[in-house]
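Student: In case you want the letters, here they are:
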Amino acid sequence: MMARLPRYQESGLISADIPRMDFANIREQTRQTQTIGEALSKISQFAFGAAQQQREQENKLTAIGLRTDFEMEAARELASLKAQVDTGQIKDLTVLQQSITALAQKQTQVLGRYSAEQAAGLANSIGGQGRALMSVATEKLTNEYRAAFDVLADDAIKDEVTNLKTAIQADPSAEGVSMASFKALNTVMGIAPQTTKSQETIQKMRDGIVQAKSEVVAEYIASTEFASSATQAILRLEANDAGKYSQVWAGMDDKQKEEVFNRLKKATERRNIVMNNEFSSAEAKAAPLVRQLLTEDNSAKRKELMDKLENLPLSPEKLKSYQGYIDGAGVFASVEDPTLVLRLSRAAEAGTLSDSELIKNRSRLTKETFNSLVRNLGNPNNIIKDYGQRFDQAVGIQSANLPPSLPTAEARDAAVVARNTARLELSNYANTPINGVLPSNEQVEKKAKELLNNLGGSMASVWASAAASAKESIEVQVPELKGVDLTDDAAVERAIQAHVAKGGRAASATAASVREDIRTYREAIRRAPRPQQGTQQ
Amino acid sequence: MAAIVAALPSLQTIGTVLSVVSAVGDIQAGKAQRQQYNLQAQQTEVESQRKAIQYQQRSNDVLRRRLQANAAIAARAYAGGIDPFSGSPDIVRAANETAAGREYSMLLEDADAAMRGGMLQAELYRQAGRTAERTGFFQAATKLGTAALSYGKTTQTQAPIESRNFPSPTGGR
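Heads up: the protein sequence lines correspond to chains P and W, in order.
Using my numbering, the first residue of the first sequence is number 1, and each one after it goes up by one.
Using my numbering, the first residue of the second sequence is number 1001, and each one after it goes up by one.
Just so you know, the hints here were simulated from the structure itself, not pulled from any lab data.
One thing to keep in mind: the hints can contain errors.
Per label pair, the in silico range of CB-to-CB distance [what the hints assert, rightly or not]:
(1) P:E38 x W:S1010: 24 to 32 Å
(2) P:E58 x W:G1152: 14 to 22 Å
(3) P:S11 x W:F1137: 14 to 22 Å
(4) P:E38 x W:G1101: 53 to 61 Å
(5) W:G1015 x P:E58: 41 to 49 Å
(6) P:S41 x W:Q1042: 32 to 40 Å
Computed, partial: chain P to chain W, Cβ under 10 Å [to be verified]:
(7) A24
(8) L40
(9) N186
(10) G190
In this text, all values refer to a predicted model and were calculated from it rather than measured experimentally.
Yeah, the Cβ is synthetic: ideal placement off N, Cα and C, and Gly gets one too.
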């Protein structure tokens, strides 16, 4: 066997491991990246911090300024709302509250973007002012509401009294009256709690019930249907007989019965006044007839005149007085005393000759002289006419067809009534014999002067009333004029300008109307009586 | 006392100076780190060269042992009267060549790998050094920048408040 040839002995090498790398560069880059990141973060934080701080500072300053502006604006808005409440443009509290809330929300929302703290302060401030305004408005509107209910209650009471009277007349039984009274009281009690004076309102209705009963009963017993005279009526009532209203009468207490008697008395007086007026009117018509009878000697004519006189609704006493006056005149003389004629003629010319004087001397004068003197006696109608015009002037009537130049209908009515009363009184006086003798022209004129003076006094009151009415109208239209001296041009103008500035175009129109009223007021106080100092007696 | 206080530099100035000193320190630290990385790179290169040399020495051993084996084959063939360059001796010698060649080339690759790995690692260290140096600069710049902003903020005066047009919530003023 062949020996084994030497072989190369392999050392069993394997490839060396891949050397492990230390990636220091990546580690350093990572560290660098972190460093840069940290640096940038630090710088940005710094920058952002500064910016934020600056922004906070600016916001704070902005918010303070804004709040001041908003508070001023809110004050203006609230003042405007108050003016609207005062002038009655806002009558609904809900509308007012919504306006205040909207104002507060709008402003606090805007301010809240800058500073919650300032917004809260602003909300608190507006809220406080708003609550105060709401309180004032609530009080005002509640008062107005209650005042309106006062009027409503008064109207309701009047209506219920009228209705109650009708109901009592329809059913005068005790039960019917009780039911109608209860219904009326119940209606008013429903309104009373909303008035300013609840208890007084209910009491007014109670009084109204008494009034209704009293009026119905009084009206009945004052009528001829119940009794022909007041005396008879009283006698029946004292016997508890009130006819168909006996049950109502029986249900009345002494006070209510007293009220009925009072009403009966007033009704009787009223009736007497009417009758007296009728007599006065008859006397006025009688006077010219009497005068004609004094001078008329034609028997047929005299009879005609006497018939006319007797047909007038004169009282028997008055008719007798006239007849005595005519009969007592005597007959005419055939021969007269010239001295007497001269004296009487002079007196007639001087206007001092009275009817009584002339009639007293009738038997000493011829018919011609007597008639001449009667004509010269003058007609008191001239005086009445003359003073009628003076009365017109005194009350401001320029022409009989025109109303007096007075500012209010009430004043005009008052003036016309005063004028008419004065005229009627003068006419009655001139044509009414006193103790059978007609007043002389002198006496008529004296009476006319007296009436003219009285009329002046009445008109002074009318002017005073007109001034008060004008002042009230002025103050309602322009509240700024309250307490202002309306005769002071500068003060008045200032107040009107203030009103116009506040109210705009509508206020300008009001201002024109108010200026007219102020002219009226000044004219009225110029004519109205003024309290005189040192005249106290 | 007030005079002493007045004579002292302000706090802002002190803060600024300290920031500058700190920034300089950061730059120095970056540079030092770069030098350290450079040294590490050189050390790595030396180490890799040493390893490559070791591999070369071992590859020389492989060649020497192959030569010994082949010489023994030739000697024994000659001694046996066999042509050492043909027949079995030649086959055995060829096998020896193959085995030794495999180990030789492997060791040469290892040496090459050690060299290249070392150079790569050294380059990585140098890159890290440069990066560390730049990081130092960044840190310094950041410190200086922050100091400048702080200084500016603490020394700036309050600007006057100008009137502003505030928006109106109701649209009018």
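Student: So, for every hint listed, does it hold in this structure?
Tutor: Status of the hints after comparison with the structure:
1. A hinted range of 24 to 32 Å holds for the C-beta pair E38 of chain P and S1010 of chain W, which are about 28 Å apart.
2. Between E58 of chain P and G1152 of chain W the beta carbon distance is about 19 Å. The supplied range of 14 to 22 Å therefore holds.
3. A beta carbon spacing of about 53 Å between S11 of chain P and F1137 of chain W contradicts the range 14 to 22 Å that was offered as a hint.
4. At roughly 58 Å, the beta carbons of E38 of chain P and G1101 of chain W sit within the given window of 53 to 61 Å.
5. Hint check: G1015 of chain W to E58 of chain P, Cβ distance near 27 Å, so the stated range 41 to 49 Å is violated.
6. Checked against the given bound of 32 to 40 Å, the beta carbons of S41 of chain P and Q1042 of chain W, roughly 37 Å apart, stay inside it.
7. Annotation: interface hint on A24 of chain P holds; nearest CB of chain W at approximately 4 Å, less than 10 Å.
8. Proximity of L40 of chain P to chain W holds as hinted, the smallest CB-CB distance being about 8 Å (cut-off 10 Å).
9. The interface hint given for N186 of chain P is broken, as the beta carbon of that residue sits about 52 Å from the closest beta carbon of chain W, more than 10 Å.
10. Interface hint at G190 of chain P: violated, since its Cβ lies 45 Å from the closest Cβ of chain W, which is beyond the 10 Å cut-off.
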